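K.L.:
Since chain U is already given, all that's left is putting chain D on it; use the hints.
So the sequences go chain by chain: U and D. Using my numbering, the first residue of the first sequence is number 1, and each one after it goes up by one. Using my numbering, the first residue of the second sequence is number 1, and each one after it goes up by one.
Note that these hints are calculated values from the structure, not bench results. Be a bit skeptical, because a hint or two may be false.
Selected chain D positions facing chain U (Cβ under 10 Å, derived; list incomplete) [said to hold, decoys possible]:
1. L16
2. V22
3. Y156
4. S288
Not the full set, but computed from the structure, chain D residues with beta-carbon under 8 Å of chain U [claimed, not checked]:
5. V140
6. L148
7. L292
Here the structure is a predicted model, which is why all the values come from computation and not from measurement. C-beta atoms are modelled at their ideal positions from N, C-alpha and C, and glycine is treated no differently.
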Amino acid sequence: MSGAYDQPLPTRGRGRVLAAVARAVSWPLSLLFVLAALAWRVLAVPARLLRHGTHPERGVGEGLRRIVPTLQQGVRYLAFASDELPRWDGTVRAKDESHGPWHEARRRIARSRVALLAWTGLALYLMVGIAAQAGWIADGYDVADKSQVYVAPGWFDGPYFLGSDYIGHSVGKLALRGTAVALWIGLLSAVVSCVIGTVLGALAGYFGRWVDDVVTWLYTTLESVPEMLLVLAAAYVVNANAGWREAYEASFLAQGLGLSLGLFTIVAVIGLVSWTGVCRQVRGEFIRERDLDYVTAARALGVPTGRIIFRHVLPNVMHLVLISFSLLFIGAIKYEVVLTFLGVGVEPGEASWGRMIEQSKLELLSEPPRWWQLTAATGMLFGLVLCVNLFVDALRDALDPRLKDA
Amino acid sequence: MGTYVLRRLLHAVPVLLGVTLVTFLLFNVVCGDPAIVLVGGKKVTAEKIEAERRRLGTDRPLPAQYVSFLGEIARFDFGTSWKLQKDRPVLEMLGEGVAPSLSLALPAFLLSLAVSLSLALFCAYYRGSVADVSTVIVTVAMMSVPALSYILFGQYWLAHQWHMFPVFGFQPGLAGLASLGLPILIWVLLSLGSEIRFYRSVMLEEMRKDYVRTAAAKGLGTGRILFKHVLKNGMIPVITRVIVTIPFLMLGSLLLERFFGIPGLGSITVDAVFQSDLPVIKAVVVISALLLVVFNLLTDICYALVDPRVRLK
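Isolated chain U (complex conformation):
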């Protein structure tokens, strides 16, 4: 292999400084990624012990030996000595191996200033979200101090650097904590709809015939009911049916995972309603791919059908899924605001941007206008959605093969 795939990431010229900044800012995320890749390698050791025992070429020793290159590559990347991460499953590119199309996409993104800025912002949001979830920042966001109601913002006023709300919560802490909630909502609902859409679309596109008919009927039907009405109907279901709420409170999701009914409703509703777009795209792409030579060859070699679908064809349409994932992610975060306004969103005790906006409905019109809660929530949401939007644009350009020659 030679050509575009083998070019290294640019280190000079356009966006060099921005690229360095983006990489430095997202260093903690890279660390997490490297740790995850290493975890795969470490987990493989006991698996090898069970399967191959102490076989000299396939046993524990090989498992331990394979940790080394992953560790080396990870440390080199984190020390800014290399610009190539180990892959998510812990494998490392061999010297004579091609970089592949994803590296090409990264190269294109590293050349776009807008994309680098958007990535930097996104990385900051992710880190704030992780820190808030872990309780490192925004600790005590749910402490209400009734004597400190509607404190105006003051930059060095301890917890009230962004003011306080009507019962004395710190607005700044709510906004930071809301980042974690927003990321949860976006990730979970995007995962649910992408999994449903991809699996159904892949099956329909690959098998055709009646499977295709059924899946096509399913998504045409769902698309024929306007999305907003389905969401409203679900809102009605939750509001009107008290038995439903009791059943949920007793279930594993509430008791074991601590997922509140509001969050669960949002994720379930958005996830179940918005998979149609992904499904349509994946199906179309599978129809195109299923008659190509590499699929015929795999079939002739007797590769099991499931393996062909998910290991041979699916990686070739993953870029479409990734783009839909990002769009669904921001769609869900924006929907949360509307749903909270309609009374099906997150519960009163939780911090979410939607709840903050909903609560500050009348605060502007009071005298003097209390603008800080609305402004904080709007600003946080705007930043996240803008970063993802701009990054998706760059991603789409980077992954679109038709643009390669442009």
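P.N.:
Only chain D this time, still in chain U's reference frame:
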């Protein structure tokens, strides 16, 4: 052509059946018994619920209920409202909501279409330049602000502080135009980003085709190629998008109508959901699905008329 239309019509039948099935399941099974919702309260005796159930027909087996539900839809008989305006025919209520919804949606839609098409052409003309990139970034930024924040800030600054628009309210006819100004503005700001992105990519796609190169080789200027050739050929996806949007226009915008006190279909729907007014919700879901199916059918037929190749597929 006749067989094509017939085939498309036959395709629409299972979809319509599916929509009615989804509606039926959602409101009669998942929601629990409508009789309990209707009678409500804590001190209701079992006999009273039983009587209500018999009156509504929900004591029969589910398939029988579904068949009679289909019958109601076929006769376009959606019954009377339970809560919003007690005992008024649902269709009459919804009919009243169409005009206010359209008076907001139609001007807003046309305005955003005109602005986004011209901006998209501008971007395509100066593609890759600072002007192009910054237009896209600014419109994407406008799209990234949540609708509720636009409404709240707009009502405060533009209407309350600067008196550019009335804060709230709706009047039929031309007199109401002033009060529609702010919601229309917000609608346009919210929709510009995605519209421009779409139209811009349509135009750029079109510009990569062979006939554009031929025109350029003949010596035509960029402006002439863009407005005379590319715009015309790019109209097909544009028109499709417009036709598909029309049913959504009739449904109106839920948040805008509610916050600006416009008595359109959107705010009727929200009220119906809040007050559990089942017949109204059912009618809105079924009618909007019908509209969508019909308009999709129209799009397909238009396609077949314009492009004979489609019929053979």
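K.L.:
Now tell me, hint by hint, if it's right for this structure.
P.N.:
Verification of the supplied hints:
For D:L16, the interface hint holds, the least distance from its beta-carbon to any beta-carbon of chain U being 8 Å, beneath 10 Å. With its C-beta approaching chain U no nearer than about 6 Å, D:V22 sits inside the 10 Å limit, and its interface hint holds. This hint holds: D:Y156 has a C-beta 4 Å from the nearest C-beta of chain U, less than the 10 Å allowed. Annotation: D:S288 was flagged as interfacial toward chain U, and the flag holds, the nearest CB pair being 5 Å apart, inside 10 Å.
Among the interface hints, the one on D:V140 holds; its C-beta lies about 5 Å from the nearest C-beta in chain U, closer than the 8 Å criterion. A least Cβ separation of about 5 Å between D:L148 and chain U falls short of the 8 Å threshold, and the interface hint therefore holds. Checking D:L292 against chain U by beta carbon gives a least distance of about 5 Å; that is within 8 Å, so the hint holds.
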